[in-house]
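There are 2 protein chains.
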Amino acid sequence: MQGQKSTRRQVLSAIGVLGGSALLYNMMTTMGYAAETQFAGPPKLSGAKKGASVVVLGAGLAGMLAAYELTKAGYKVQILEYQDRSGGRNWSLYGGDTYTELGGATQNVKFAAGNYLNPGPWRIPHHHRALLHYCKAFGVNLEPFIQFNHNAFVHNTEAFGGAPQRFRSLAADFEGHVAELLGKALDQKGLDAEMTAEDRDRLKEALRDWGMLDKDFKYAKNLRSSEHRGFDRPPGGGVNGAPSPSEIFGLSDVLDSGVWRQMSFFMNSEFQTTMFQPTGGMGMIGKAFAAQIPGLTTYNAKVTKLIQDKKGVTVTWSDTGTGKVNETKADWCVCTIPLTILSQIESNLSDKMQAAVAAVPYTNSVKIGLEMKRRFWEDDYAIYGGHSFTNQEIGLISYPNNNLFKDGPAVLLGAFSSGMGGYHLGGMSPEERIEVALTQGSVFHPDSYRKEFLSGASVAWSRVPWIQGCCARWTEETRQAHYQDLVAMDGRVVLAGEHASYVGCWMEGALLSSLDAITRLHKRALEA
Amino acid sequence: MQGQKSTRRQVLSAIGVLGGSALLYNMMTTMGYAAETQFAGPPKLSGAKKGASVVVLGAGLAGMLAAYELTKAGYKVQILEYQDRSGGRNWSLYGGDTYTELGGATQNVKFAAGNYLNPGPWRIPHHHRALLHYCKAFGVNLEPFIQFNHNAFVHNTEAFGGAPQRFRSLAADFEGHVAELLGKALDQKGLDAEMTAEDRDRLKEALRDWGMLDKDFKYAKNLRSSEHRGFDRPPGGGVNGAPSPSEIFGLSDVLDSGVWRQMSFFMNSEFQTTMFQPTGGMGMIGKAFAAQIPGLTTYNAKVTKLIQDKKGVTVTWSDTGTGKVNETKADWCVCTIPLTILSQIESNLSDKMQAAVAAVPYTNSVKIGLEMKRRFWEDDYAIYGGHSFTNQEIGLISYPNNNLFKDGPAVLLGAFSSGMGGYHLGGMSPEERIEVALTQGSVFHPDSYRKEFLSGASVAWSRVPWIQGCCARWTEETRQAHYQDLVAMDGRVVLAGEHASYVGCWMEGALLSSLDAITRLHKRALEA
Numbered sequence: 001m002q003g004q005k006s007t008r009r010q011v012l013s014a015i016g017v018l019g020g021s022a023l024l025y026n027m028m029t030t031m032g033y034a035a036e037t038q039f040a041g042p043p044k045l046s047g048a049k050k051g052a053s054v055v056v057l058g059a060g061l062a063g064m065l066a067a068y069e070l071t072k073a074g075y076k077v078q079i080l081e082y083q084d085r086s087g088g089r090n091w092s093l094y095g096g097d098t099y100t101e102l103g104g105a106t107q108n109v110k111f112a113a114g115n116y117l118n119p120g121p122w123r124i125p126h127h128h129r130a131l132l133h134y135c136k137a138f139g140v141n142l143e144p145f146i147q148f149n150h151n152a153f154v155h156n157t158e159a160f161g162g163a164p165q166r167f168r169s170l171a172a173d174f175e176g177h178v179a180e181l182l183g184k185a186l187d188q189k190g191l192d193a194e195m196t197a198e199d200r201d202r203l204k205e206a207l208r209d210w211g212m213l214d215k216d217f218k219y220a221k222n223l224r225s226s227e228h229r230g231f232d233r234p235p236g237g238g239v240n241g242a243p244s245p246s247e248i249f250g251l252s253d254v255l256d257s258g259v260w261r262q263m264s265f266f267m268n269s270e271f272q273t274t275m276f277q278p279t280g281g282m283g284m285i286g287k288a289f290a291a292q293i294p295g296l297t298t299y300n301a302k303v304t305k306l307i308q309d310k311k312g313v314t315v316t317w318s319d320t321g322t323g324k325v326n327e328t329k330a331d332w333c334v335c336t337i338p339l340t341i342l343s344q345i346e347s348n349l350s351d352k353m354q355a356a357v358a359a360v361p362y363t364n365s366v367k368i369g370l371e372m373k374r375r376f377w378e379d380d381y382a383i384y385g386g387h388s389f390t391n392q393e394i395g396l397i398s399y400p401n402n403n404l405f406k407d408g409p410a411v412l413l414g415a416f417s418s419g420m421g422g423y424h425l426g427g428m429s430p431e432e433r434i435e436v437a438l439t440q441g442s443v444f445h446p447d448s449y450r451k452e453f454l455s456g457a458s459v460a461w462s463r464v465p466w467i468q469g470c471c472a473r474w475t476e477e478t479r480q481a482h483y484q485d486l487v488a489m490d491g492r493v494v495l496a497g498e499h500a501s502y503v504g505c506w507m508e509g510a511l512l513s514s515l516d517a518i519t520r521l522h523k524r525a526l527e528a
Numbered sequence: 001m002q003g004q005k006s007t008r009r010q011v012l013s014a015i016g017v018l019g020g021s022a023l024l025y026n027m028m029t030t031m032g033y034a035a036e037t038q039f040a041g042p043p044k045l046s047g048a049k050k051g052a053s054v055v056v057l058g059a060g061l062a063g064m065l066a067a068y069e070l071t072k073a074g075y076k077v078q079i080l081e082y083q084d085r086s087g088g089r090n091w092s093l094y095g096g097d098t099y100t101e102l103g104g105a106t107q108n109v110k111f112a113a114g115n116y117l118n119p120g121p122w123r124i125p126h127h128h129r130a131l132l133h134y135c136k137a138f139g140v141n142l143e144p145f146i147q148f149n150h151n152a153f154v155h156n157t158e159a160f161g162g163a164p165q166r167f168r169s170l171a172a173d174f175e176g177h178v179a180e181l182l183g184k185a186l187d188q189k190g191l192d193a194e195m196t197a198e199d200r201d202r203l204k205e206a207l208r209d210w211g212m213l214d215k216d217f218k219y220a221k222n223l224r225s226s227e228h229r230g231f232d233r234p235p236g237g238g239v240n241g242a243p244s245p246s247e248i249f250g251l252s253d254v255l256d257s258g259v260w261r262q263m264s265f266f267m268n269s270e271f272q273t274t275m276f277q278p279t280g281g282m283g284m285i286g287k288a289f290a291a292q293i294p295g296l297t298t299y300n301a302k303v304t305k306l307i308q309d310k311k312g313v314t315v316t317w318s319d320t321g322t323g324k325v326n327e328t329k330a331d332w333c334v335c336t337i338p339l340t341i342l343s344q345i346e347s348n349l350s351d352k353m354q355a356a357v358a359a360v361p362y363t364n365s366v367k368i369g370l371e372m373k374r375r376f377w378e379d380d381y382a383i384y385g386g387h388s389f390t391n392q393e394i395g396l397i398s399y400p401n402n403n404l405f406k407d408g409p410a411v412l413l414g415a416f417s418s419g420m421g422g423y424h425l426g427g428m429s430p431e432e433r434i435e436v437a438l439t440q441g442s443v444f445h446p447d448s449y450r451k452e453f454l455s456g457a458s459v460a461w462s463r464v465p466w467i468q469g470c471c472a473r474w475t476e477e478t479r480q481a482h483y484q485d486l487v488a489m490d491g492r493v494v495l496a497g498e499h500a501s502y503v504g505c506w507m508e509g510a511l512l513s514s515l516d517a518i519t520r521l522h523k524r525a526l527e528a
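Line by line, the protein sequences give chains S and H.
Numbering follows full-length UniProt numbering, in which position 361 of the first sequence is assigned residue number 361; successive positions increment by one, without gaps.
Numbering follows full-length UniProt numbering, in which position 496 of the second sequence is assigned residue number 496; successive positions increment by one, without gaps.
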C-alpha cells in the first residue's frame, strides 16, 4: 500500500495546483494528448525460436493482445490473472453480478436483463485504430456512442440560481457575445496590425454568420439567434405555426455557467465525433479477446514475486482460492500489472524501472449506474444519449446510447467523478454514493429522478481490489524523468498497458503499448 | 407548368439577392426556423357526425396522418393518390427499383440488397416530437443519424489550393484565432465599456480555455492546440509514443475555407444532435403509416378538378393506368397536394387561397446516391457517418450511418445540391449527374472514389413528375402576404403539408400542419 499512499499524496497535491471547479475538465484533458494513434496494422511477428516461452502477467487487453500475437509468432505463452475473469478494466456489470470492493462492501447488481454499467472504459474514439481493428477482427459489434448532444444540460451551482440550461443555449450565447465583441474591436481598429483590411472585413462577415448577429452586428433576441439557442415558442404547423424568439443570456451569466469548458471538451481529440461502444456493454471486447486465446489463462493467480536472471524469468504466485503457492518459469515476461499493484510486488527489476513504477500516480474515478423505470430523459426532455454536466461532485450524468425509444427500465450513468469528488464518493458506502447521485442528479430532472429510480451500482476505482486506482496519470515532469525507464526492456521483462503509453487511460494506449512491447521483446529474443 | 415557371423565376431572383457561395448554407438555414415543435400529443378527436365523409388528396405523411386520425374520430375517409405507392417524398430507392423522371429518363437502381438512397427526407431532429411519436406508435425502428463529424472534410476551391481539410482543424483554428484576437482587444481596453473588469478577466480565461491559447495568450503550434486540431505525429504507446504538434493555419487561410458556415450550420436547430434515421431507409416511415390505414387509398388517381359547394366537395380524377375519369364526393376535403401541382389543377377555391397557392416557390434539390465496393471512407479516412462539405455544385457528400464497419458495398450520398447547382445537375441526364458527382467528390477521396464506384442513382426534384420541385420555400414577404390565406379553411377544403407550416421542408411540418388542419376541420364539421 506504500505506492498507493504516495499516489494519493501526489494527486492531492496536483489538485491543489489546479484548483476548484475546473478540475474535472483539466483532469479529463490532461490525461494524454490522444488524437490519432500510431497503429499501422497488426504486427507481423514470426519465427520465434523453437520452444521459446513467454509468461504474461495480467489478462487485460494489453496482456491478451500480447498473448494472441506472441502465440501467432510461435511462442509458448501463458497468462497469469488475479481475477476469475479476463478483461481487466474492460468490464461491464449486469443484473445478477456481484462485486466486492476494498473495505468489504458487496453489491448485488439488480439491473434488468440487457442493462449494464461500464465501470471503466465506455466509449471509443474513431481514431483508436488498433482497438477498432481488433474489434472487427474478433467480431465485436460496435454501435454509435452519442458523445455530443446539443440538447443536454449544463449545470453550475454558481449560475442561473442553480438552474441547468441547455448546452445549445449557453454555447450559442457564448459564441454570439464573442462575435459581437470582436466585431466591435475590429471596428475600433486596434487590431489593424494583426491582419489586412480585407481579412478584417472577411472576419467580420464570418463573425456575423457564426455568431448569428443581426444587421447591426448585435447579438440580440430575434428569430436568428433563436435558430441556434432555441425558441420561446417553437415553429409549428397551420394557423398558429409562427415561432417567437427566446431571450438571450447576458455575457456575465454565460460566464457564470462555465460553458466554454464543455465547448472545449467536445473539441478534444478523444471526445470528437464519431465515437462508439460495443453492443451489449464494453465488457464484450474483453470477452472477444479472451475467446481468441483459449486455454492460455490461469485465473485466481495472485503474483507475489517476479525474479529474472540471465536464463529466464520466475514468477511466484498463489492461488487465491486455495492459497497454494506456485512458480511459473519462462524465457520472457510481459508484465501488464497496473503500477499501483506492481509497486507492491517483490522483484529484482532494475532500480530505474522500480523508480518509474513508483512515480506514476493513478486517477480515482467513481462511476455510478442508476436504473430508472423509464427513459424520462427521452420522453420528457428530448435528450437521446450524451451528457449533462455539473460542477457538483458527480461531474456529469450520461444517458444510455442503446435501445433509444424503447420502453422499460434503462440504466443511466449517474456519476463520473474524479479528483476531490472521486475521493469523497469513494470514501462512502455504495448506498451513500447512490443517495448522493440521486440528490445531485435531480437538478437536471427534478420531477422524475427519484420517482423513477429502481436500483444502482457503483465502482470507486480507488477501492477496486486488483488495481486500487483507475489509470495512470502522467505529468510532463514524470514523463521526462521516468517514462523511457518504464517502457524500456529490463533484461527479460517488458511492461505493457495504458500506463506505458501516451494514450493514457484509454484501451488504445494499452493495445499500442502492448504491440510496441512485444515487437521489441521478439527482436530481443531473436538476438538472444 | 405555369406555376413551375414562376417558381423558378422567383428562386433565381432570390439567388441573385443572396449571391455566390454562401447560397447553399443560406438556403439550408432559411428553410424555416424549426427548433422545437408545437406537438402536444396526438389529437383527441371524436364524435364525428354519423356518415360524415372526408376525401384526402395525397397519401404522403400529411394525408395519411389526416386519414388515420379522422378515421379514429369517426369519419368515413378515402385517399386519392397519384402514385402507385404511399409515402410521397418519404421514399427510399433500393436495388431493383425503377424510376422515370420528367423528360423520360429511366433509372434502374442496381444497389446491393439493403442499400438505399433517400431522395427526400433523410434525417430526423430530436425535437420533431410529432414524427417521433408516430414512429414509435407505428413501430418504426430508429437509429442514430450521425450529423456532426469532426473528422470529415471541408473543401473550398478558393482555399488551401483546393485541398480539403478536416473540419476539426479548421474549426479549432477559427476558434483559436478568434480567442487570441479578442484577448488582445480586451487588453487594449477598448471594450471596457461593454463589461465589468471582473467579467473582462473571466472572459479572458474563458477564451484561453476555449481557444486552446498558451500561457502568453497566443494561439500557436503546440501540443495544446493540436489536442483540438489534430497532431502531426499522434500519441502512441511504448518507446516512440510521444506526440508532436501540427502546424496551425493562419487566419487568412481559415477565412478562405469558410469553415464558420459549417460551424454555424451545425448549431442550427434542425441540425443539432441527436438526429435519427429509420433502420432500412426513410421510406420505412411511409410504409408504416400506410399499414395503419389499410384499404383507404386509391392509387394511380390523378386529380384534375376540385369543386366545392355548400353541400360538399367533388373531386374529379382519372386513373393513370386506364385513363378512366371518375368523380369522388365527400362532405369535406383535406388537400395535401404540393402547391406546384395544386396550382395546375382546376378548382373553385377562393381567390385568396389560389393566390397563396401560386405564390410559394419550391426548392430544387438534387440527391445522388453512389454505391461503392467498400467503405474506404471508414477504413482509409476514419470517417464514420457525417458530411464532407464543398463549395462545388454537389454541396456535400454524406457517409452512410448504418452498417458501420461492415464489409461489402455501401451507398454514400454523392450530392445534395440546391440553388444554381441544383438547376445545373437537374438539367443533366442521370448519367451526366453521376459523372459530375464522381469528379467533384473525388476531391475528398482521390485514390478511391472512381476506383471503388459501382453504380449510382439520382433524383432531381424539379423533374419528379408528381411534385416538380422539392419543398416550399417561404420568405418573410410571402409569409406576410399569403400564409394565413393558405392555411385557412376555405369552405369545406383545408390544405395540409409541409408547405402549410413554419417547419417547411421537414416531415414534422407536414404532420403538425395536418394535425392543425384536421382539428379545425373537425370543429367546423361539428358546427356545420
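By construction, these hints were calculated from the structure, which means they are not laboratory data.
Owing to the predicted nature of the structure, the values given are computational and were not obtained by experimental measurement.
Keep in mind that a hint or two might mislead.
No copy labels: a pair is met if it fits in one copy or bridges any two.
When the alpha-carbon atoms are kept at most 27 Å apart in a straight line, the in silico DSS-like pairs for lysine-lysine are as follows [to be verified]:
1) LYS136 x LYS189
2) LYS523 x LYS302
3) LYS373 x LYS189
4) LYS310 x LYS204
5) LYS305 x LYS204
6) LYS373 x LYS352
7) LYS204 x LYS49
8) LYS184 x LYS215
9) LYS184 x LYS204
10) LYS44 x LYS406
11) LYS215 x LYS189
12) LYS136 x LYS451
13) LYS204 x LYS218
14) LYS373 x LYS136
15) LYS50 x LYS218
16) LYS406 x LYS310
ask   = Which numbered hints does this structure break?
value = 1, 2, 3, 4, 5, 6, 7, 15 and 16
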